[in-house]
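> Required output: the full structure, derived from the provided sequences and hints.
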Amino acid sequence: MRTPREPLFLARQSYRKRRIEDAARLLPLLGVILFLLPLMVGGEVGSMRLAYVFTAWFLLIFSAGILSFFLGQNLDQDASGEDTGRPESSGGIDKTSDDTRRL
Amino acid sequence: MLTFNTLVVVCFLYVVLLFLVAFGADKRARRSKVRFLSTPMIYTLSLSVYCTAWTFYGAVGYAARSGLEFVTIYLGPTLVMIGWWWFLRKLVRVGRSQRVTSIADLVSSRYGKSNLLGVLVTLIAVVGTTPYIALQLQSVTLSFAVFARDRSAGWAVPDLEQTAIWVAGGLALFTILFGTRNLDVNERHHGVVTAIAVEAVVKLVALLAVGIFVVWGIGGGPQGIAAAMDQVIQDAPEGAWAMQGGRWVGLTFLSAAAFLTLPRMFQVLVVENVNERQLAMASWAFPLYLFLMSLFVIPIAVVGLSLMPAGENPDLFVLTLPLYFEQDGLAMLSFLGGFSSATSMVIVASIALSTMVSNHIIMPIWLSTRLSGAAEYGDARQILLAARRLSIGAILALGYFYYRLSGGGAALAAIGLISFAGVAQVLPAMAGGLFWRGASRSGAVAGLVTGFAIWAYTLFLPSFGEAGVMSASVLANGPWGIEALRPQALFGVDGLDPVVHALFWSLILNCVVFVFISLMSFPSPLERLQAAQFVNVLDHTSSARGRSFNAATSEDLLVMAQQIMGAEQAQAWFQSQAEQQGKQGYLPDTTPDFIARLERELSGLVGTATAHAMIAQILGGATVSVDDLLAVADETQQMLEQTSLMEAKQEELATTARQLSDVNEKLTQLSIQKDAFLSQISHELRTPMTSIRAFSEILRDGGADDPEAAARHASIIHDESVRLTRLLDDLLDLSVLENGQVQLYPKREAVRTVLDRALAATSSVIDQEKVHIHRNRSDEGIALYTDTDRLAQVFINLISNAAKYCDAKGKRLAIRVRERGGELQVDFVDNGSGVPLESQSMIFEKFSRLSDQAAAGGAGLGLAICREIMDKLGGSITYLPGQSGGAFRVTLPVRARLHQTDNPHAQINHL
Amino acid sequence: MRIPGEDFMTKQVLVIEDEPNIAEAISFILSREGWKVSIHSSGTTAVQAVHDVSPDVLILDVMLPGKSGYDILQDLRSSDATRALPVLMLTARGQKTDRELAQRLGVNRFMTKPFSNTEMLSNLRELVGG
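Chains as they are written, first to last, in this note's numbering: chain H, 1 to 103; chain F, 1 to 911; chain E, 1 to 130.
These aren't lab readings, by the way, just hints derived from the structure by calculation. Keep in mind that the hints are not guaranteed to be accurate.
The calculated DSSO-like cross-link candidates involving lysine-lysine, where the alpha carbons are at most 27 Å apart (straight line), are [to be verified]:
#1 Lys666/F - Lys36/E
#2 Lys90/F - Lys17/H
#3 Lys36/E - Lys67/E
#4 Lys770/F - Lys804/F
#5 Lys674/F - Lys36/E
#6 Lys67/E - Lys96/E
#7 Lys747/F - Lys804/F
#8 Lys804/F - Lys67/E
#9 Lys649/F - Lys666/F
#10 Lys67/E - Lys674/F
If you only want the chain E side, here are some residues facing chain F, beta carbon under 8 Å, derived [to be verified]:
#11 Glu19
#12 Ile22
#13 Met63
#14 Gly106
#15 Pro114
#16 Ser116
#17 Asn117
Please read all numbers here as calculations on a predicted model, not as lab measurements. By construction, the Cβ of each residue, glycine as well, lies at the ideal position given by its N, Cα and C atoms.
As structure tokens, then:
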């Protein structure tokens with residue numbers, strides 16, 4: 001069996017991460033659009049529209065869950081964020097080191 | 001059978017359970033076992049304080065009246081949560097890095113730690129929240145009343161007002177116990193948060209249970225619900241179930257804004273936040289919670305409308321439906337769900353408000369009554385705790401009185417959205433402060449005041465009804481009959497829903513004023529520093545560099561800190577700080593870093609502005625000196641960097657200038673030396689030329705009559721020509737030597753041979769001057785490896801010098817050779833009078849021909865050349881004083897290291 | 001026809017010059033023209049020599065052992081007996097500054113070595129007869 005080759009393009013990880021962040025930023029926009037759509041259809045609210053709103057809502061939650069799974073991985077270092085009275089030690093996600101660590 | 005007493009007992013047991021949960025969690029936190037408590041799950045559940053009794057009971061009523069519109073209240077927060085990466089992450093990061101204690105503290109801190117803004121936001125929060133607390137009291141009281149109704153057996157109709165007092169009092173007790181228990185730097189309340197998480201589960205389970213019972217128990221499954229729904233829509237008044245675009249969008253936005261700005265939401269979202277992983281999970285889990293909370297709202301409403309007797313309050317369907325179908329357990333659970341919703345909201349809201357009130361109103365007032373100095377803070381810690389407790393009591397009392405005054409009823413039910421719109425006025429200042437560096441204090445104040453005033457005028461005051469603050473005529477025709485100022489149709493904008501109308505005008509004008517004044521004003525350095533810190537919080541997480549104070553002793557600061565943090569904690573903290581600085585004891589140096597950290601520590605207890613003020617007082621008001629601020633403000637820091645860059649450049653320039661002037665001086669020196677040298681050369685050349693010219697002119701003009709004299713004249717011309725030639729040869733030789741261009745040809749030879757050659761070359765002058773040479777040839781066998789031709793040149797020079805200048809009658813020259821420590825020494829000692837002491841230092845300089853020997857001729861370059869040669873050969877030539885006559889010593893290492901390199905003298909005197 | 005040097009037979013010139021060959025040349029030239037020439041080679045004793053010889057004109061070298069020609073000139077100009085003595089200065093360092101210094105000190109003629117014999121003679125004639 002061949003040993004898996006080293007990925008040729010090492011910035012792929014951080015590139016993927018940035019795109020996930022883009023998606024996270026765009027998700028609320030998608031939400032706004034989804035929640036505005038029912039307004040395009042006039043008339044009384046039937047069970048169909050009710051189903052639509054709840055389905056769209058659930059889709060958004062599902063997408064947010066997936067994104068948060070990936071985004072949350074990048075927050076590992078922050079997990080120890082309980083402050084110890086020394087603010088310098090808290091917060092601070094060193095993006096580059098995080099990337100290289102997971103390569 | 002569910003009796004009132006049972007209800008009270010269950011209620012009491014439930015509260016005891018909450019106490020135990022809160023107590024246990026606090027204890028765990030105290031033992032630093034916060035791992036479980038700070039899990040993202042607890043955090044997510046604690047966010048459910050958003051769902052109050054108004055949403056627990058009221059959502060169904062809302063749905064019964066207006067259909068789907070109730071979900072807007074949940075859609076707004078959903079959008080905010082799933083967009084956490086964009087906004088909440090930044091907000092939470094700022095909150096943590098700046099140790100923000102409340103939303104008022106955040107705004108105050110952002111705009112230069114302005115207490116005015118803190119007070120303003122606090123006031124808005126109190127005004128916006130008090131009715132909301134009243135609403136919770138009402139819902140709890142109403143839910144009690146539901147049980148009391150229709151049940152004669154053992155049920156005395158409870159006094160609603162008394163119930164409200166009991167509830168308010170109980171809540172105050174709980175909040176004071178767990179909300180002001182730990183006055184710690186983080187302003188986090190693990191006990192309360194955990195209790196609220198438990199309540200969150202209870203209300204979700206209660207609502208889901210009721211929903212499942214309604215759909216599958218009595219509603220006939222999803223199909224039955226769908227059919228019932230269509231029926232309800234047909235029966236409903238025209239347009240009730242229609243989607244109103246304005247309200248749909250407006251309320252979604254409003255709930256999103258309120259989610260961020262409600263004091264209790266800020267408390268759980270930002271202040272109680274421990275890390276960003278909590279946020280990552282909450283981003284989907286909390287929307288899911290809301291989703292589940294609203295999933296059965298419409299079914300319950302629909303079933304309630306179709307099955308319950310007409311006139312039944314839809315706001316209490318969640319409670320009355322189980323009761324109607326004799327499901328006492330379910331009703332009990334539902335009651336506890338509503339009770340949980342109400343209590344968690346009241347607890348968190350009163351904690352948040354009390355923090356704001358004590359930090360931004362009570363403490364500043366208390367501080368201003370004190371004189372400066374650490375000793376005056378003697379009871380600060382107690383005062384602070386008392387202020388918190390007092391505030392909690394006052395807020396709940398306020399809520400109770402509002403409930404009493406409004407008399408309950410429909411007016412109160414509408415207060416939820418009104419309250420939302422009020423606190424939403426903080427949004428422009430908050431969001432602007434997070435994303436726009438140009439947002440200024442003046443702009444924030446102006447925007448807040450404008451928005452709050454318009455909100456009060458268009459929504460809050462009219463909400464009291466026509467009998468309230470505003471008369472019917474004002475509502476209908478505007479104040480003084482000015483139509484454009486009608487509260488619910490401002491500037492003639494008619495036909496909008498009152499809430500949307502108020503929201504639109506208040507927020508639009510709020511934003512316009514905020515932006516305009518911000519653009520116009522010029523923020524203080526401190527404000528600009530904070531702006532940079534807030535806006536760039538995600539770029540750099542290092543804490544701000546503080547100001548530098550040297551005036552304050554750290555002892556004063558310790559005294560003050562002790563009274564706020566508690567003696568033990570303060571001492572430990574100071575000690576650790578001192579240790580970090582590498583010092584022993586309790587008193588660290590008051591470095592800017594230390595001051596900044598202390599201020600942050602204290603701001604966790606008393607708020608940013610107050611902590612700032614306290615430290616400022618200790619430090620004698622020297623806080624905001626221009627220099628101090630220059631050192632920290634981000635923009636000015638850039639300026640500083642530039643300045644230091646320029647300073648460095650200036651220094652560089654100065655160095656260059658100094659070097660230039662050095663070089664120039666050297667050049668001037670060189671030029672002077674060169675002038676002197678040229679002058680010397682000129683003299684030395686012109687002197688023989690003078691004789692030559694004079695005698696050649698004599699010869700040309702006929703010459704001397706006496707042939708002997710004529711011959712003598714011709715020989716003078718010849719001698720002087722020879723002298724001239726020799727001078728030029730010497731000059732060239734010296735120039736070559738000095739420039740280091742000389743090529744050495746080392747070979748192995750005995751000293752004897754070299755001396756023999758030198759004596760042979762000088763035999764004519766020796767013979768002429770009748771010099772007697774003394775040698776000890778047996779000593780001269782030392783072998784040399786050097787350029788012996790050059791060495792011979794030195795010997796020749798010395799021998800001929802001795803021959804020419806020795807002034808003894810019978811001239812004698814002794815040449816002595818010996819080896820000392822690897823060095824060859826050749827001494828040339830004559831029996832003349834030697835070189836006078838004062839001249840000995842000069843004889844090796846060029847043209848240093850000794851004056852009284854001038855008549856003997858010679859250009860005075862000989863010894864200079866000797867010195868250069870010996871230097872090149874790695875040896876030396878010195879005058880030996882204290883001998884029988886003139887004495888020169890030539891020294892040369894037997895294994896000579898030959899110098900082919902440039903001579904330092906070369907740069908000065910080369911021709 | 002006038003016999004050269006006839007008018008100057010009685011004129012005495014003192015030459016202060018340390019280069020023997022130059023002194024000899026001057027001496028020969030002037031003697032041939034009928035001047036009475038004394039030679040002195042030391043700078044230190046030059047002023048004394050002037051007083052001893054009391055010449056009609058003085059030829060003074062600048063670079064002298066012991067005392068420079070400028071110092072000698074200064075001494076001569078500060079003494080009543082020699083204040084008016086015509087002095088012809090000779091120097092091998094013919095730089096502008098040297099000439100200026102000599103003129104400030106009150107020299108009558110200034111010549112750079114090497115010089116033209118006839119030029120020196122005419123200068124001397126001007127100084128004594130002129």
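> It remains to establish, for every hint, whether it holds in the given structure.
Taking the hints in turn, this is what the structure says about them:
The straight-line distance between the Cα atoms of lysine 666/F and lysine 36/E is roughly 51 Å, outside the 27 Å bound, and the hint therefore fails. For the hint linking lysine 90/F to lysine 17/H, the alpha-carbon distance of about 18 Å falls within 27 Å, and the restraint holds. Taking the CA atoms of lysine 36/E and lysine 67/E, the gap is near 25 Å; set against the 27 Å cutoff, the hint holds. About 10 Å separates the Cα atoms of lysine 770/F and lysine 804/F, which keeps this hinted pair within 27 Å; it holds.
At most 27 Å may separate the alpha-carbon atoms for a hinted pair to count; lysine 674/F and lysine 36/E exceed this at roughly 41 Å. For the proposed pair lysine 67/E and lysine 96/E, the alpha carbon gap of about 21 Å is at most 27 Å, so the pair holds. About 31 Å separates the Cα atoms of lysine 747/F and lysine 804/F, which puts this hinted pair outside 27 Å; it is violated. Proposed proximity of lysine 804/F and lysine 67/E is supported: the alpha carbons are some 24 Å apart, at most 27 Å.
Between lysine 649/F and lysine 666/F, the direct Cα distance comes to roughly 25 Å. Compliance with the 27 Å bound is thereby established for this hinted pair. Of the supplied pair hints, the one linking lysine 67/E and lysine 674/F holds, its CA atoms being roughly 24 Å apart against a limit of 27 Å. A cut of 8 Å between beta carbons decides the hint on glutamate 19/E: the least distance to chain F is about 6 Å, and the hint holds. Taken as an interface hint, isoleucine 22/E checks out: its beta carbon lies about 5 Å from the nearest beta carbon of chain F, inside 8 Å.
Because the smallest distance between the Cβ of methionine 63/E and any Cβ of chain F comes to about 6 Å, under 8 Å, the interface hint for this residue holds. A hinted interface residue such as glycine 106/E counts as satisfied when its beta carbon comes closer than 8 Å to some beta carbon of chain F; here the least separation is about 23 Å, so the hint is violated. At its closest, the beta carbon of proline 114/E sits 4 Å from a beta carbon of chain F; the interface hint therefore holds under the 8 Å criterion. Using the Cβ-Cβ criterion of 8 Å, the hint placing serine 116/E at the interface with chain F is satisfied: the shortest such distance is roughly 7 Å.
A distance limit of 8 Å between C-beta atoms decides the matter here; for asparagine 117/E the minimum to chain F is near 5 Å, and the interface restraint holds.
Of the numbered hints listed earlier, those contradicted by the structure are 1, 5, 7, 14.
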